[in-house]
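Make a model of the complete structure from these sequences and hints.
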Amino acid sequence: MNYWLLKSEPNVYSFDKLKSEKKGIWDGVRNYQARNNLKAMKKGDLAFFYHSNIGKEIVGIVKIIKESYPDSTSDDLRWVVVEVEPFYTFKKPISLQQIKSDAILQNIGLIKQSRLSVMTIKPEEFDYILAFDN
DNA sequence: GCCAACGTTGGC
DNA sequence: GCCAACGTTGGC
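Following this note's numbering, the numbering of the first sequence begins with 332 at its first residue and continues without gaps.
No lab work stands behind these hints: they were computed from the structure. Among the hints, erroneous ones may be present.
Said to hold, decoys possible - With beta-carbon atoms standing in for the labels, derived distance ranges:
#1 PRO401 x GLU352: 20 to 26 Å
#2 LYS431 x PRO401: 35 to 41 Å
#3 LEU408 x GLN429: 35 to 41 Å
#4 SER432 x ASP458: 15 to 21 Å
#5 THR404 x ASN384: 18 to 24 Å
#6 ILE396 x SER432: 29 to 35 Å
#7 LYS394 x ASN362: 18 to 24 Å
#8 GLN428 x LYS348: 20 to 26 Å
#9 SER403 x ASP464: 30 to 36 Å
What the hints assert, rightly or not - Okay, derived cross-link-like pairs now, DSS-like style, lysine-lysine, Cα gap no bigger than 30 Å in a straight line:
#10 LYS373 x LYS397
#11 LYS350 x LYS338
#12 LYS423 x LYS354
#13 LYS394 x LYS373
#14 LYS373 x LYS453
#15 LYS443 x LYS397
C-beta: ideal position from N, C-alpha, C; glycine also.
Following this line, the structure appears as structure tokens:
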């Protein structure tokens, strides 16, 4: 079981939209490192859903329900998608500011590699962030 | 709107 | 294979 973080601009594709649609295809990734992370995802893995640009906060968790397959929004076979469904909604979203100001989370990918849209989250980071919500 | 931090492209 | 120029992402 691995943990991930997926970024989306909420004005393009928000967590609320995913919830209203019950499941979603994570398409449009055009970066090798992000693509490699998509390929490494297994059914049942969990991922934080982060709103970039607007909100700048982790708003929920999604579950990977279908492993990677070619992205139909590109005719280039290098790119892939996964399918996700809503798994958990944070009672109170975790802001980037909160993550940045936490000594434990200084090495999280969200801070270290701010431009990457699909990244891994260490199990201890996942548990630690989830505990904020209780 | 600006800029830092990348990633990509293309000339050599 | 190097590197300059350019494009993109995302925080501020």
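How the hints compare with the structure:
no.: 1; hint: PRO401 x GLU352: 20 to 26 Å; verdict: holds, 21 Å
no.: 2; hint: LYS431 x PRO401: 35 to 41 Å; verdict: holds, 36 Å
no.: 3; hint: LEU408 x GLN429: 35 to 41 Å; verdict: holds, 40 Å
no.: 4; hint: SER432 x ASP458: 15 to 21 Å; verdict: holds, 19 Å
no.: 5; hint: THR404 x ASN384: 18 to 24 Å; verdict: holds, 21 Å
no.: 6; hint: ILE396 x SER432: 29 to 35 Å; verdict: holds, 34 Å
no.: 7; hint: LYS394 x ASN362: 18 to 24 Å; verdict: holds, 23 Å
no.: 8; hint: GLN428 x LYS348: 20 to 26 Å; verdict: holds, 24 Å
no.: 9; hint: SER403 x ASP464: 30 to 36 Å; verdict: holds, 35 Å
no.: 10; hint: LYS373 x LYS397; verdict: holds, 8 Å
no.: 11; hint: LYS350 x LYS338; verdict: holds, 16 Å
no.: 12; hint: LYS423 x LYS354; verdict: holds, 22 Å
no.: 13; hint: LYS394 x LYS373; verdict: holds, 10 Å
no.: 14; hint: LYS373 x LYS453; verdict: holds, 15 Å
no.: 15; hint: LYS443 x LYS397; verdict: holds, 28 Å
Of the numbered hints given earlier, the model fails none.
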